[in-house]
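Per our numbering, the sequence shown starts with residue 132, numbered consecutively.
Simulated from the structure, these hints should not be mistaken for lab results. Fair warning: there could be bad hints in the mix.
Claimed, not checked - Straight-line Cα separation of at most 27 Å, DSSO-like style, residue types lysine-lysine; simulated pairs:
no., residue 1, residue 2
1, 404, 449
2, 367, 404
3, 367, 216
4, 327, 188
5, 327, 193
6, 475, 411
Just so you know, these numbers come straight off a predicted model, no measurement behind them.
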Amino acid sequence: MKPHLWKVERRIDYTDKSEYDFILNQSERTQPIPHSYYTKFIRSLTHEDFAYYPNTKNFKEKICEFYNVKPENLFLSDGSDIGIKSIFETFTTCGNIVTSEPSFPMYQVYSSLYDCRYKGIFYNPDTLELSIDKMLDFVDDDTDLIILANPNSPIGDYKTIGEIKPLLDTGIPVLIDEAYIEFLDTEDIHWDSFIKYIDEYPNLIVTRTFSKAFGAAGCRVGMTFSNPHYIENISKFRQMYEISGVSMKYCEFLLNNHHLVDIYCQEVIDEKKKVISMLKNYEVIDSQCNWIHFNNQDDNKRTKEILEKHKVLVKYCKLHHYGFRENWCRMTIQPGLSEQEFFKELVNG
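With the hints as extra help, turn the sequences into a complete structure.
Set out below in structure tokens:
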């Protein structure tokens, strides 16, 4: 056994979500798609979708058409986290990984699994801003990979191509994880998916997912986009069959009915603004994602009592080096959230 594996700790979340009335802890879409569309999809399923190994050719072509790339630019995986794992397998040689801290926990897990040194660059504790210049200070000849979730998790900030260009100019492989990009508010910020830059920057890799805005977390479907040379080598680590036939069929159904995704994302953006405006008794940290953090003078003690009473599942965390409170509530925003009784009780304290 590899000696360094003894130091790696993994936890399994066995939370029974059926015990809760509101699931607001993992940025999942809890609001179902319209019943008529759901029924149409269910009726489209056949015995073959379950019995045969999936042929992903047409699905990959549909993805490439949607994102305006060529098939040689796409790597399909069992969730974007497996795409990220394959990137680690392709590019790391026990060097160091430079990313932000906090960020998606699997970056550090994969760094440990592949015996890489993890360099997490902290946000400014006063402004909750991430300095790209500070990230560059930690890049050296031993850096195998630079990673930046964009928008980031859990802080939720977004960087433009102009801001990230200095990282790309290093020539080191740069992974931009766009898991939450569909929730960016176009009224507040001009944004582009970095997929459009994969031809311009040969060291750029972009990951996307069907888990968040598409509302298909249970399907476990992720995408990696990059230049053909990178994709060819990343693809050497693909599973024999990347995803299941049923998952493929549902995600293709969502692509064909993408207006449902657009409507949902705009409803989340609008609801988030409404929720923030109502939480006047809390300090609120907005994000360019589908969640907020909030806290109050008693460090969310009363908040926790209210949410537990109403069977609301959320996350509580400490935002590294930010403020004196340790029990920040991270709540996923869903359409109609502000109309729920538990939220009204939060607002009224």
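Results of checking the hints against the structure:
1. 404 x 449: holds (23 Å)
2. 367 x 404: The given pair, whose Cα atoms are some 44 Å apart, is violated under the 27 Å limit.
3. 367 x 216: With Cα atoms ~12 Å apart, residue 367 and residue 216 stay inside 27 Å; holds.
4. 327 x 188: Holds, at about 22 Å.
5. 327 x 193: With Cα atoms ~17 Å apart, residue 327 and residue 193 stay inside 27 Å; holds.
6. 475 x 411: holds (12 Å)
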